[in-house]
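S.K.: Each chain, written out:
There are 2 protein chains.
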Amino acid sequence: FMAFIIRIRGFFLKAWKLGVDDPRKFVHGIKAGMALTLVSLFYYMRPLYDGVGGNAMWAVMTVVVVFENTVGATIYKSLNRVFATSLAGFLALGVHWVASQSGRRFEPVISCLAVFLLASAATFSRFIPTIKAKFDYGCLIFILTFSMVSVSGYRVEQLFDVANQRMATIIIGTSLVIIVTMFICPIWAGQELHALIIRNMDKIANSLDGSMDLYFGQKEEETGPDKQLGNKSLGYRCVLGSKASEESFANFARWEPAHGQFSFKHPWKQYLKVGAALRSCAYCIEALNGCINSENQAPDAVKKHLKEACERVSSTCSSITRELAKTIQTTTRSPTVDFLTKEMNVAVQELHNSLKSLPDALKEESESESESESADCDAKSARVVPLMEVIPAATFASLLIEISSRVDSVV
Amino acid sequence: FMAFIIRIRGFFLKAWKLGVDDPRKFVHGIKAGMALTLVSLFYYMRPLYDGVGGNAMWAVMTVVVVFENTVGATIYKSLNRVFATSLAGFLALGVHWVASQSGRRFEPVISCLAVFLLASAATFSRFIPTIKAKFDYGCLIFILTFSMVSVSGYRVEQLFDVANQRMATIIIGTSLVIIVTMFICPIWAGQELHALIIRNMDKIANSLDGSMDLYFGQKEEETGPDKQLGNKSLGYRCVLGSKASEESFANFARWEPAHGQFSFKHPWKQYLKVGAALRSCAYCIEALNGCINSENQAPDAVKKHLKEACERVSSTCSSITRELAKTIQTTTRSPTVDFLTKEMNVAVQELHNSLKSLPDALKEESESESESESADCDAKSARVVPLMEVIPAATFASLLIEISSRVDSVV
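Chains as they are written, first to last, in our numbering: chain L, 702 to 1112; chain D, 702 to 1112.
Just so you know, not all the hints are guaranteed correct.
Identical copies carry no separate label here, and so any pair may be met within one copy or between two of them.
[As the list claims (entries may be wrong)] Taking lysine-lysine and the DSS-like style, the derived pairs with C-alpha atoms no more than 25 Å apart in a straight line are: (1) Lys835 with Lys1027; (2) Lys835 with Lys718; (3) Lys1027 with Lys715; (4) Lys974 with Lys944.
FYI, nobody ran anything at the bench for these hints, they're computed from the structure. Just so you know, these numbers come straight off a predicted model, no measurement behind them.
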């Protein structure tokens, strides 16, 4: 029993830590509670209650279902809900009218057939990518409303009244939710995307630096800061898996009104491209890390020979990435990027040169060493590192520069 | 106007192609329509209608909301819905009782406070990873039911009756949906996961072969089959992005009853590990492709020297992967895997040897060639390929072997 209590306590501690790490999660919970309480208050106020009838329940439901973390997602769901409900309502009324004209006998047959056909079509349409991206929730609501109306239409005669009231409650619910999400500590999907990309850039830069330090400083200090470096250099893992969240943010960001430094038609798609470029860079760092952790390491002599040039390349790379992050953050064009790019190209050239001179340097070494063969073989894994990095880094940098200039031109 | 019609037509053609490519999507749509029609029929039958009262609408709603593509997802949603509804209902009744005991004055205050607190807590708890994975939908339904009951509790006196009817309708809806999804062309999440992993393995093997052909055969035939090979070798891209779907399948597969060759407690988590190993292999192929597309290529002489050994390594790798795919497909231990692994290790050793002999071979070449320096420099990018591949391939293969033995031991 004690073990159970300890587990529960651990769970609560974890939850508390989650909230403290990101207080906006607490705020989000409180916002949801507030929106619901406000809607319930509507219900307790006699005059309003009499106005919308017993359907106030629908307002509660709308609030619960529509309330989302980011403003974009909330607006997306609200608009989808309102439009899908009205469309389905009208269609269902039409079908109901046709059915009622065709006599008592065929009425249920026609209704059932309509439900079957439209539900099948709408469910299938949710598989189509373009619809899935923009109207997935709307399709669901469409099916829901249509089948509910056409089923209840058989019983309730005052369909128009019901539809009227339901629309009113849904609009009350959605507008309340939108007001709450937009004006009380709003979390904009666009801003999140923006911050995510910048954070990813910083992570890439850090893990590039970290893996360089790890690779070349491996033998000097193996105890203390090594683990920290390891953690730092693993930041790229987050970048690998961030595709889905980037896409959903970009998807929701399109629904958001202008806010802060972001105008309408902010180039959200460019962010996706930058994200993809970052991810391809993260793949390279993954490969780099494979070299770091591999069993056959290059001898120190080779490392020493290449150390300076490699470090220059990686430091210019990471400072370019950091500079680009700053560029995106302030959405202004920075002249430092061009300068740094030139510097990086010089560094790459230098690395090429030192690679060319490596065989000569090695030859001197190998004459003094006994195991020249194995040293030569292992040396290749050292050479793997710079080349693996140089090629994508160069393409990556040029890609980023192109994109940053595009971002600048649009903002 | 004609352009509009053409676009609509194109859209429908695309949708139709989607369905033809995967007929199960059509079937799914039809199943959804059928389930809804069946529920509507309940509504049209007088005696049943009188039994559950005007709440039959709730059955319709349940069907629409709970119906999902895979059996696992449907069961997950159904169970979550039923339990969350009952829990929230009981809690709401308790709160309602406390509120009604405390007098007319405090009743709305207490109700509102309870809604606020519980809704906030439940919304926040959706951020906690373990809850999000298993009970995300349940939390939503909990908030929904609780706030609806406590709000309507103020008006309706016969709460117990309402709760009873609502539970009945929800259970009718969920059981109907579960029957339809399970017995009419069921799509099991577990099977999907199984197939996805196998497909990914084949894709990895194909793209390994494809990129080898592309790298070593680049200059011989540049026109016809090259593009096809390029497409083939890009199969690994799908593997890179399949993490999210693997996780959701594994998540849903846990809810599924025993079916086909899969018993209860099938090792779904092992699939995730295999998937992760495949993904790390895909990262390496990404790096390989970077080498293929890079500007500085190795001279033909170097390529020729390494061609045989490289091709042996990659072909053993890909045949191991195919063999493993077969192993997983039949869930039996195949002795061929061990044999192939040994063969691969031999091939890797051979590649090491030919790498060691490369400098000598090169030296002969360089004496006859004029541009020995640049040839030596470019040679490194050729060396990049085999080493980049050998290290992860070896670790990958050993990982896979370990996992496949685990899979075998559990099944």
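S.K.: Compare the structure with each hint and give your call.
M.R.: Right, here's what the structure says about each hint:
1. Lys835 with Lys1027: Close neither inside one copy (31 Å) nor across copies (39 Å); limit 25 Å.
2. Lys835 with Lys718: between (35 Å within a copy, 20 Å between copies)
3. Lys1027 with Lys715: neither (33 Å within a copy, 42 Å between copies)
4. Lys974 with Lys944: For Lys974 and Lys944, both the intra-copy (11 Å) and inter-copy (20 Å) Cα distances are at most 25 Å.
The earlier numbered hints that this structure contradicts are 1, 3.
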